[in-house]
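Q: Chain by chain, the residues:
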Amino acid sequence: MLAATALSVVFMRDLFTIVMLFGIYSLLSAGFFVDMDAVDVALTEAAVGAGVTTMLMLGTLALTSRKEKAHRKPASMLPLAVVTITGLVLIYGTLDMPYLGDPEAPVHQHVAPRYIEQSYDEIGLPNIVTSVLASYRGFDTLGEVVVIFTAGLGVLTLLGLSGDSPHRARPAAMAHHLVLRVITRALIPLILIYALYIQFHGDYGPGGGFQAGVIFGAAIILYTLIFGLTKAERVIAPLFLRYMMGAGVLIFAGTGVLALLLGGNFLDYDYLAHDPLHGQHYGILAVEFGVGVTVTAVIISIFFNFTGRGDQPKEEER
Amino acid sequence: MIASNLPALQVVIPLLSAPLALMLRRGTHSWVLAQLVCIAALAISINLLQTVLATGPISYEMGGWAPPWGIEYYVDAVNAFVLLIVSGIGTIVMLAARTSVAKEIAGDKQSLFYTAYLLCLTGLLGITITGDAFNIFVFLEISSLSTYILISLGRDRRALTAAFQYLIMGTIGATFILIGVGMLYMSTGTLNILDLAERLQPLSDSRTVQAGFAFVAVGVSLKLALFPLHLWLPNAYAYAPSIASAFLAATATKVAVYVMLRFFFTVFGVDFSFEVMPLGIILAILAILAIFVGSAVAIFQDNVKRLLAYSSVAQIGYMILGISFATVTGLTAAILHLFNHALMKGGLFLALAAVFYRTGGVSVAHFRGLGKTMPWTMFAVVIGGLSLIGVPLTVGFVSKWYLVLGALELGYWWIALLVLAGSLLAVIYVWKLVEAAYFQTAEGDAASVREAPLSLLVPAWILIGANIYFGIDTSLTTGVARTAAASLLGIGG
Chain G
1 MLAATALSVV FMRDLFTIVM LFGIYSLLSA GFFVDMDAVD VALTEAAVGA
51 GVTTMLMLGT LALTSRKEKA HRKPASMLPL AVVTITGLVL IYGTLDMPYL
101 GDPEAPVHQH VAPRYIEQSY DEIGLPNIVT SVLASYRGFD TLGEVVVIFT
151 AGLGVLTLLG LSGDSPHRAR PAAMAHHLVL RVITRALIPL ILIYALYIQF
201 HGDYGPGGGF QAGVIFGAAI ILYTLIFGLT KAERVIAPLF LRYMMGAGVL
251 IFAGTGVLAL LLGGNFLDYD YLAHDPLHGQ HYGILAVEFG VGVTVTAVII
301 SIFFNFTGRG DQPKEEER
Chain C
1 MIASNLPALQ VVIPLLSAPL ALMLRRGTHS WVLAQLVCIA ALAISINLLQ
51 TVLATGPISY EMGGWAPPWG IEYYVDAVNA FVLLIVSGIG TIVMLAARTS
101 VAKEIAGDKQ SLFYTAYLLC LTGLLGITIT GDAFNIFVFL EISSLSTYIL
151 ISLGRDRRAL TAAFQYLIMG TIGATFILIG VGMLYMSTGT LNILDLAERL
201 QPLSDSRTVQ AGFAFVAVGV SLKLALFPLH LWLPNAYAYA PSIASAFLAA
251 TATKVAVYVM LRFFFTVFGV DFSFEVMPLG IILAILAILA IFVGSAVAIF
301 QDNVKRLLAY SSVAQIGYMI LGISFATVTG LTAAILHLFN HALMKGGLFL
351 ALAAVFYRTG GVSVAHFRGL GKTMPWTMFA VVIGGLSLIG VPLTVGFVSK
401 WYLVLGALEL GYWWIALLVL AGSLLAVIYV WKLVEAAYFQ TAEGDAASVR
451 EAPLSLLVPA WILIGANIYF GIDTSLTTGV ARTAAASLLG IGG
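So the protein sequences, as listed, match chains G and C.
For what it's worth, the numbering used here labels the leading residue of the first sequence as 1, then goes sequentially.
For what it's worth, the numbering used here labels the leading residue of the second sequence as 1, then goes sequentially.
Hints should not be assumed to be uniformly reliable.
Unchecked claim - Simulated pairs of lysine to any residue, SDA-like, Cα-Cα distance not exceeding 20 Å:
| no. | chain 1 | residue 1 | chain 2 | residue 2 |
| --- | --- | --- | --- | --- |
| 1 | C | Lys103 | G | Leu158 |
| 2 | C | Lys372 | C | Leu289 |
| 3 | C | Lys103 | C | Asn47 |
| 4 | C | Lys109 | G | Arg185 |
| 5 | G | Lys231 | G | Leu80 |
| 6 | C | Lys109 | C | Thr55 |
| 7 | C | Lys109 | G | Gly59 |
| 8 | C | Lys372 | C | Ala284 |
| 9 | C | Lys109 | G | Gly87 |
| 10 | C | Lys103 | C | Leu167 |
| 11 | C | Lys103 | C | Leu393 |
| 12 | G | Lys231 | G | Thr184 |
| 13 | C | Lys432 | C | Thr329 |
| 14 | C | Lys109 | G | Leu158 |
| 15 | C | Lys109 | C | Tyr74 |
| 16 | C | Lys109 | G | Thr184 |
| 17 | C | Lys372 | C | Gly411 |
| 18 | C | Lys109 | G | Lys231 |
| 19 | C | Lys109 | G | Val179 |
| 20 | C | Lys103 | C | Ser363 |
| 21 | C | Lys372 | C | Leu418 |
| 22 | C | Lys109 | G | Met244 |
| 23 | C | Lys103 | C | Phe379 |
| 24 | C | Lys432 | C | Asp473 |
| 25 | C | Lys109 | G | Tyr243 |
| 26 | C | Lys109 | G | Leu178 |
| 27 | G | Lys231 | G | Thr157 |
| 28 | C | Lys109 | G | Leu239 |
| 29 | G | Lys231 | G | Leu178 |
| 30 | C | Lys432 | C | Ser363 |
| 31 | C | Lys372 | C | Tyr438 |
| 32 | G | Lys231 | G | Leu158 |
| 33 | C | Lys109 | G | Ile191 |
| 34 | C | Lys103 | G | Ala237 |
| 35 | C | Lys432 | C | Val391 |
| 36 | C | Lys109 | C | Leu33 |
| 37 | C | Lys109 | C | Ala40 |
| 38 | G | Lys231 | G | Ile191 |
If you are wondering where the hints come from, they were derived from the structure by calculation, not from laboratory data.
No experiment lies behind these values; they were computed from the predicted model shown.
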């Protein structure tokens, strides 16, 4: 099904359909990840790939046009050759690959056993993914947050700083639809609570700052869709978003520096409290919060900047 | 306590200051912050290099988790030297940034520029210092994304296309590196570079490892703009703001070359890279093509920034040629050229920033008569050009000397001849500038151009002066480069 969706994307000319197919593709991948027992990844894929990315692409379509411009350039052979060679090398590489789920595979023999056997004693969390993500390899996660921050910065740079755009006075997009309005009012608090649950329950079940940030962002996006950008910016000011984007990185890195000042290495949460386990717990809560803050801010900011560019209400898709 | 945490602080200080620079919102304030951060990073890298040379490699455990479970920062002579290059160039270019950025970038976007600059610095330092293969990828993403931002801030509308082109190519490169690292992880179960090196030893027949090697090689070659994967580079350098061109030309490709060194020599080991895989001959051929095609195309450029960009493609060829020898002398030449080329291109692009500041353009026509009106700037261009050619008493001569020496050691006298022939091509494109500046007269308004302000001249001359200083007193740079080369080949320390 994944392959079928991908192929139909290539042959489709209607960009709106393509965006929808991308959404389906992401949802299918998410299902695939659940099947592989990677629930955290699946949650992220569903929220980011199927949810927010689709919204952003629709936003872009509203700014440009729905149909792909027909161009009759003779298809170049070079990309095809590159793709074919890459595919062949990939297949060549898989020939000596360990079988899926083989307990003797090097991946399961070397680093992973310690994560599985000792992370509960060393960090005190039942969700191993969170332990690896936020503590063992916390520095990578800090890097990823900076990547997201950089992406937000890029959108700010290219689409202009929010707040100084000349036109903003657009009528609330769909506020006249009574049904939509009521349902949205009812849904948004639930989504926000769900986001908070994902945020703070990440230590025990699947979830964490990335997913929570996306869901939180989605709630604000929904609000913007129904009540219009002007009202949404009254809820969260663009300038505030700019600070919030940076604040998440500062919270995460600041936690690391605090550990450093208390005598440990950078990001060594053991030093945050008298009991190393408590320290780990505080540290992970703090950094996950930092992740959530940055992700939320960047996603909302990207969406605001996209919609701020459009002159027409673009809600016909729904 | 501070001393033992220096490896972390090297990256964390610029990382923390980037969001602060965004929050400051005033261009000047952000610049002050960025300048202080650059100086701090430079001080740390000098200290790290001294420590490494005195007492051997430093290992630092992020989060207090021992490798391979946690992420390790591992500093040896090779990356300490690259750290010094990146933070040194970052500091000097930043000195010139205030004047140039105030002219080229709109007021409300200046703090964004400095934020992106700091993020790029963070990314480059992070790639260099880390001892973890996946961590390289994470910081590669930071540096790449921020580079796209820096380029897109150029005044020319074509900067956007250039940034987009680079974004596509860079993303393909990064994805290839990620696939390669993934395959290595699949075969070994570890991401730590030293641990990988150990565990890959018995696996040289594994097709997964070989495919991983191929993916990493192609991905890194894209990032360092090895011919024929250089197509993104000329536009990116030509349309970026002057300061961004100077910083990127002097650092970004250098870090990519370092990553290549690290993967080929430390992770896969010289035996695997050069005997199991036919790397030496492929690299040598591509490098020679890069030298000739890059130089030849440079001769026909009218935009001087593009001219220097193509010259960079050629100069990268010299580095790769040194790597392809896989001997101590060859690697010494390559590592030396990392440093020396950073000095040349940094100085030249800063001089171009000065020309742009006064004349509003950098095509060859803008150079007419500058020998009279902007004598100091043009003198800097001439010295930098001589260094590019490889004239004695400049750093360019030192690195080519070692390169020729390395070729002769192996009996490749024809490669030595080709290196010399490549230098002749450089004479032609440098002469184009000299001719315009000194033997043609400016017309109209251009005749009344004044010398560039000191805030641009001084940083340019620091780098140009370094070209001469390190061209005469070579003991420091060659000493470090030789130690680094030996440690990559696993000979001595």
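Q: It remains to establish, for every hint, whether it holds in the given structure.
A: Consistency of the hints with the structure:
no., hint, verdict
1, C/Lys103 / G/Leu158, "holds, 19 Å"
2, C/Lys372 / C/Leu289, "violated, 37 Å"
3, C/Lys103 / C/Asn47, "violated, 35 Å"
4, C/Lys109 / G/Arg185, "violated, 37 Å"
5, G/Lys231 / G/Leu80, "violated, 48 Å"
6, C/Lys109 / C/Thr55, "violated, 45 Å"
7, C/Lys109 / G/Gly59, "violated, 24 Å"
8, C/Lys372 / C/Ala284, "violated, 43 Å"
9, C/Lys109 / G/Gly87, "violated, 42 Å"
10, C/Lys103 / C/Leu167, "violated, 26 Å"
11, C/Lys103 / C/Leu393, "violated, 35 Å"
12, G/Lys231 / G/Thr184, "holds, 14 Å"
13, C/Lys432 / C/Thr329, "violated, 33 Å"
14, C/Lys109 / G/Leu158, "holds, 10 Å"
15, C/Lys109 / C/Tyr74, "violated, 36 Å"
16, C/Lys109 / G/Thr184, "violated, 36 Å"
17, C/Lys372 / C/Gly411, "violated, 47 Å"
18, C/Lys109 / G/Lys231, "violated, 26 Å"
19, C/Lys109 / G/Val179, "violated, 42 Å"
20, C/Lys103 / C/Ser363, "holds, 18 Å"
21, C/Lys372 / C/Leu418, "violated, 36 Å"
22, C/Lys109 / G/Met244, "holds, 18 Å"
23, C/Lys103 / C/Phe379, "violated, 23 Å"
24, C/Lys432 / C/Asp473, "violated, 30 Å"
25, C/Lys109 / G/Tyr243, "holds, 16 Å"
26, C/Lys109 / G/Leu178, "violated, 41 Å"
27, G/Lys231 / G/Thr157, "violated, 24 Å"
28, C/Lys109 / G/Leu239, "holds, 14 Å"
29, G/Lys231 / G/Leu178, "holds, 17 Å"
30, C/Lys432 / C/Ser363, "holds, 11 Å"
31, C/Lys372 / C/Tyr438, "holds, 7 Å"
32, G/Lys231 / G/Leu158, "violated, 24 Å"
33, C/Lys109 / G/Ile191, "violated, 35 Å"
34, C/Lys103 / G/Ala237, "violated, 30 Å"
35, C/Lys432 / C/Val391, "holds, 17 Å"
36, C/Lys109 / C/Leu33, "holds, 16 Å"
37, C/Lys109 / C/Ala40, "violated, 25 Å"
38, G/Lys231 / G/Ile191, "holds, 19 Å"
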